[in-house]
Amino acid sequence: MESGKQQPLVQMLGITKSFASVKANRGINFDVFPGEVHTLLGENGAGKSTLMNILNGLYQPDAGSIRVKGAECRFSSPREAIAAGIGMVHQHFMLVPVLTVWENLVMGLPDLKAVLPKREVIRKIGELSGRYGLDVEPEAQVWQLSVGEQQRVEILKMLYRNAEVLVLDEPTSVLTPQEVRRLFDTICQMTAEGHGVVFISHKLDEVMEISDRITILRSGEVVETLPGPMATREMLAEKMVGRKIVFAVDKAVLNPGDTVLEAEGICALNDRGLPAIRNLSLSIRQGEILGIAGIAGNGQKELCEALVGLRPIQFGRVLLRGKDMTGRKPMDFLRAGVSYIPADRKGTGLVGAMNLRENFALKNFWRKPYAKGPFLSWESIAGETGRIVERFGVSAPGLGIPVRNLSGGNQQRLMLGRELSGTPDLIVAMQPTWGLDVGATEFVRDQLLRQRERGAAILLVSEDLEEVLALSDRLAVIHKGEIMGMVEDPRSASEEELGLMMAGIRRETAIEGEKGR
Amino acid sequence: MKPRLRIERRLDVPSWMNWSIPAGAVGVALAAGAVLLSLLGVSPLAAYKAMIQGSLGDAWGISETIVKAIPLTLAGLAVGLAFTMVVWNIGAEGQIVMGALAAVAVVRYAFVDNSLVMFSLMFLMACLAGGVWAGFAGFLKARWNVNETITTLMMNYIAILLADYFIYGPWRDPSSLGFPMTTPFPEAARLPVLGGTRVHVGIFLAVGLAILFRVLYRWTKWGFELRVIGNNPNAARYAGINDLRNVVLAMFFSGAVAGIAGMTEVAGLQGRLQPGFSGGYGFTAIIVAWLARLNPMATILVSFLLGVLLVGGDTLQVVMRLPLSSVQVLQGLILFCVLGAEFFRNYRIVFIERGERREWKS
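From first to last, the protein sequence lines stand for chains F and Z. Counting from 156, one number per residue, gives the positions in the first sequence under my numbering. Counting from -13, one number per residue, gives the positions in the second sequence under my numbering.
If you're looking for bench data, these hints aren't it; they were derived computationally from the structure. Please read all numbers here as calculations on a predicted model, not as lab measurements. Every residue gets a Cβ at the ideal spot worked out from N, C-alpha and C, and that includes glycine. Be careful, since some hints might not be right.
[Claimed, not checked] Sample of chain Z residues facing chain F (criterion: CB under 8 Å; computed from the structure):
1) 208
2) 210
3) 214
4) 225
5) 226
[To be verified] Below 27 Å or equal to it, Euclidean Cα-Cα: the simulated DSSO-like pairs (lysine-lysine) are:
6) F:478 <-> F:523
7) F:394 <-> F:358
8) F:501 <-> Z:207
9) F:358 <-> F:406
10) F:527 <-> Z:207
11) F:358 <-> F:178
12) Z:35 <-> F:523
13) Z:207 <-> F:484
[Unchecked claim] Residues of chain F clear of chain Z, computed beta-carbon distances all greater than 10 Å:
14) 173
15) 181
16) 303
17) 317
18) 368
19) 518
20) 538
Using the sequences and the accompanying hints, generate a full structural model.
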């Protein structure tokens, strides 16, 4: 958006910030005008989060200044930032699950009365919801809401505080295609009303669709700021990574071998004790990737956990290479060569306080050569950890530092390295590229395909349709813990058909019927 | 605009803080103690000198300090083992008592006139008694998720009163003229002492176990499992580690080591069981483990320093004629400051003034 005379809502000038020896931001200029979507694009570690955390008052810049409508400001907390009209919707929501929507909205307001003005709050929520298309039930408790609805609450929270600039940190990573459309409608409505939106994303298609301007960061510096309509996929990716990126997945044609995993009519409960997986059957052969597509929270996590022994199976059987593994311990699955990449890396896949060596040992400490009798061989553990760090491009100052000091992308590379470096028979991968930048995503997909060529059976759960379609040999769509349909040739499936199955409509006749079932 | 204070969590702790903060805290505590001593009409310098002199000034003082450090080290290692996996065993006191009771029972009902046999028997039974006492709380936690803080705390009182029952009742020494104490141990059941001091061979057990724990945490699969569980129970389950079984096991060994402390106190030092014989070592051990950051080697050092504080306090009573309670206040002041200073390791205070920000390096 060209706006020569108009004043920017927010202007960041020459922002520089260092952490120890790392320069996260170097002399960055960034501004947002009323009524525009300004996208911030960059790989993990490019400095996007640092820049936005400075805007949000979480960090203070070493040099540079922030101007809000021309007046110089300094924020020492998010509360001061929101008071100046800058609101941030974090990737991980900052809501209290046991409180209701309206309670979450008023929580932390500076001038709160002893008796909460419930009726007035609810009226205002209704007004904002209607205006921006942010439907939520004000009296519902947050834990009952879907991820998309929770995101709407976060946005409402900022609008309720009269935010003029909204920073959305990777807002689409948790949404279904349909929810993404709704979010984009909301964003358009906000810009139409004169709000400025800072949009952070890795997904190039979305970025090109929604952005008025795009600023690309690399290694803490602005590479370029360009008008949205001028951008192309290849150009953005190249500027972001600093080299050319090939988008097509190069997949060898393989003849699948013996059946590795079979699940026969399994049922499992979720953490609240409600049925999450209902009478689900699937099988995966050697050298085959079975994709599981579906909207978040339809039993994907429970399915993965049930298949690797982490979640009890109520009914049905799980067979590994024909051997009944139902009811066996997680360790038995590990010993049988099952590798599992959980979606929740920090909470499950890694131990933040432990160092790189210890995090490699986490899944290998029980086996030779890393264990000798009751003792650990730190020497061989360190050796293999070093090889993984090198092969998977984990950038870390040393193997002895706690992994929580690594960036998110590097944590994930370390975990993927651990899970994909051996010779597992079965790999259960949940959202393996979630939150990764283009370069790392490409690498992870390549590693999965290599494991496939080696003869591993792979269950790939992803909410990124493009990803499952590109990688899978067969594709199942899950809805409320049931498989809605099995697609034998994912390349022939249309997104519309899949979208309907994801919404819970069985399409057996349409897809499998043709194959003469 | 008036200056404001804000508390920020530290992202990483500089290594120099590991020693400078506790040292600074002791300094602050001694200064506060000086005020207290002055109010009592005692010269603070003279009092501190007496404390150092009494606990470290001569061979006898040092040996007495070591006598206190032995049970503190053992009990500190014991609770540290449970704390490593974030299981709050605050029942070391009760486990010490159970260990001591087991030792007395062995002497009373299975006496053989052979030191080696007696030591082995007492050692095993004390481990078993302390271990089962703590392991039971661990079992309740693993099986029904019963809060171990409550159970271990309550079981302290059961153990102490159980000991009182035997001391006042069936095991009372008939020749004690009505004093509540059990029959003295025969010579074969007494742990040997070093030279002419009261330092008994328990010192080797304490140091040996500290080394063993160091090896356990650093070099063994089981120690690794415990540390993973303590740091991230979800990751432990994901890694195929059986966290529930480990809760019971770790509690058992924690209690067993505390039981050893009870055995060495009764067989090495007192030679009989009296009410309140442990003197709260099991509770002080929690502070020991905490200050030592669960590091086995540091546990020895911290125990020795707390021994200095205890023995120095005794000297103060005798030399300066201070009442016991004022000595306890002084000891409490030092512990309060050292533990309170932990705050500055984890957080820092930031002054905000007219939008400017200054960091106050603590």
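To see whether the hints hold, each was checked on the structure:
With a cut of 8 Å, the hint placing residue 208 of chain Z at the interface with chain F holds, because the nearest CB-to-CB distance is about 7 Å. Because the closest C-beta pair between residue 210 of chain Z and chain F is about 5 Å apart, less than 8 Å, the hint holds. Nearest Cβ of chain F to the Cβ of residue 214 of chain Z: about 6 Å, under the 8 Å cut. The hint holds. At its closest, the beta carbon of residue 225 of chain Z sits 5 Å from a beta carbon of chain F; the interface hint therefore holds under the 8 Å criterion.
For residue 226 of chain Z, the interface hint holds, the least distance from its beta-carbon to any beta-carbon of chain F being 3 Å, beneath 8 Å. Between residue 478 of chain F and residue 523 of chain F the CA atoms are separated by roughly 24 Å; this keeps the pair inside 27 Å, and the hint holds. Only pairs whose Cα atoms come within 27 Å are accepted, and residue 394 of chain F paired with residue 358 of chain F is accepted, the gap being roughly 14 Å. Distance restraint check for residue 501 of chain F and residue 207 of chain Z: the Cα-Cα separation of roughly 22 Å lies within the 27 Å cut-off, and the hinted pair is therefore satisfied.
The hinted pair formed by residue 358 of chain F and residue 406 of chain F meets the criterion: a straight-line CA distance of about 22 Å does not exceed 27 Å. In summary, the hint linking residue 527 of chain F to residue 207 of chain Z is supported, as the alpha carbons are separated by about 9 Å, within the 27 Å threshold. With a C-alpha separation of about 25 Å, the suggested pairing of residue 358 of chain F with residue 178 of chain F holds against the 27 Å cut-off. Between the alpha carbons of residue 35 of chain Z and residue 523 of chain F the distance comes to roughly 57 Å, so the proposed pair goes past 27 Å and is violated.
The suggested pairing of residue 207 of chain Z with residue 484 of chain F holds, with an alpha-carbon distance near 18 Å, which does not exceed 27 Å. With 10 Å as the threshold on Cβ separation, the claim that residue 173 of chain F sits away from chain Z holds: the shortest Cβ distance comes to roughly 14 Å. Listed as outside the interface, residue 181 of chain F is consistent with that label: its C-beta sits roughly 21 Å from the nearest C-beta of chain Z, beyond the 10 Å cut-off. Once the 10 Å rule is applied to beta carbons, residue 303 of chain F is consistent with being away from chain Z; the minimum gap is 25 Å.
Non-interface status of residue 317 of chain F relative to chain Z is upheld: no Cβ of that chain comes within 10 Å, the nearest being about 21 Å off. Every Cβ of chain Z is farther than 10 Å from the Cβ of residue 368 of chain F; the closest lies at roughly 29 Å, confirming the non-interface assignment. Here residue 518 of chain F does not stay apart from chain Z, with its beta-carbon only about 6 Å from theirs, under the 10 Å limit. No Cβ of chain Z approaches the Cβ of residue 538 of chain F within 10 Å, the least distance being about 17 Å, so the stated non-interface status holds.
When each numbered hint is compared with the structure, violations occur for hints 12, 19.
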